[in-house]
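Trainee: Chains as they are written, first to last, in the numbering used here: chain A, 1 to 237; chain B, 1 to 80.
A hint or two may mislead.
As the list claims (entries may be wrong) - Here are the computed lysine to any residue pairs in the SDA-like style, where the Cα-Cα straight-line distance is at most 25 Å:
no. : chain 1 : residue 1 : chain 2 : residue 2
1   : B       : K11       : A       : A158
2   : B       : K11       : A       : M186
3   : B       : K46       : A       : H69
4   : A       : K77       : A       : P9
5   : B       : K5        : B       : R51
None of these hints come from the bench; they were simulated from the model.
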Amino acid sequence: MKIAIVRFPGSNCDDDALHVLGRVVGAEARYAWHKETSLGERGESVDAVVIPGGFSYGDYLRAGAMAAHSPVMGAVKEFAERGGPVLAICNGFQIACEAGLLDGALTRNASLHFECRDVYLVVEGKPTPWTSGIPAGRLLRVPIAHAEGRFVHPDLAAVEKEGRVMFRYVDAGGGETEAANPNGSMGNVAGISNARGNVVGLMPHPERASEPVLGSADGRLVFESLKAHLEGKGRRV
Amino acid sequence: MIHAKVYVTLKRGVLDPQGQAVARSLARLGFAEVADARIGKYIELKLEGDRAAAEKRLKEMCERLLANTVIEEYRYEVSE
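Chain A extracted, bound-state conformation (with noise of 0.2 Å):
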């Protein structure tokens, strides 16, 4: 299980992505700097990729619009074009929908904070290979730490009916309420997918809650699915 986890000029949680994956989910995982046009070791193949969060190009312009465009995402979109799983995580998912690997966008909390704590999300929609292990309807306990996390979408509507809703915020019992919602995103969404089902962006940090030490193990789940899936064990549960 070869992962690659692309890391731009900004990028701050590729080191957590890595000991993730690496040394919690037991896959080989490297580093693809923002200049490389592949993603695997002297060009060898990946299994899966990782946008990790940070604040690539120091967020300027908007918060992914210059990562999207460097020379890596054009291996990116290759892969992802051809079926391979892409999870792009906080700043990560704002570099997907700008690149257009993802549809919508992220602006502005609407709390004008950065917004830094533990939220709760529920897990639904329709299996991917980065959340088909987990079973539809579980709360993860995971942080959120960003300024830029209010989903918008044109055709929301569309997306739920799509089933690429994959998560969202809830209360600490699972209520989709307002109060649990910690940026105003368009309803209550946290993260989705594409139309295929194998690039899934979110913004809350699954990365960052993956071993008990850390107060919460529920986003190794994502991490775990995405490994079950490439064992040929994926299902949803």
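Given chain A, put chain B in place with the hints provided.
Mentor: Frame of chain A, contents of chain B only:
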């Protein structure tokens, strides 16, 4: 040399919390007549070539990078 002024603003209907905060601050300062504030970006560009070419290329620049047309709209002014 062509001088271009590009204005990128949030589409009507997209919540602008920064604009709202500015409108509230202005009201607190006594500018009670402020009914709304919308915040956008202003970008100055210098381009080589002629005006017609610049207009065409500017549209492409806005579509591909300067604006996110999911949530933003843009306009530009060109002078020589």
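Trainee: Each hint should be assessed against the structure and marked as holding or not.
Mentor: Here is what the structure says about each hint:
1. B:K11 to A:A158: OK: B:K11 and A:A158 at ~20 Å, within 25 Å.
2. B:K11 to A:M186: 16 Å, holds
3. B:K46 to A:H69: The given pair, whose Cα atoms are some 22 Å apart, holds under the 25 Å limit.
4. A:K77 to A:P9: Judged against 25 Å, a Cα distance of about 19 Å means the pair holds.
5. B:K5 to B:R51: At roughly 13 Å apart (the allowed maximum being 25 Å), B:R51 and B:K5 satisfy the hint.
When each numbered hint is compared with the structure, no violation occurs for any of them.
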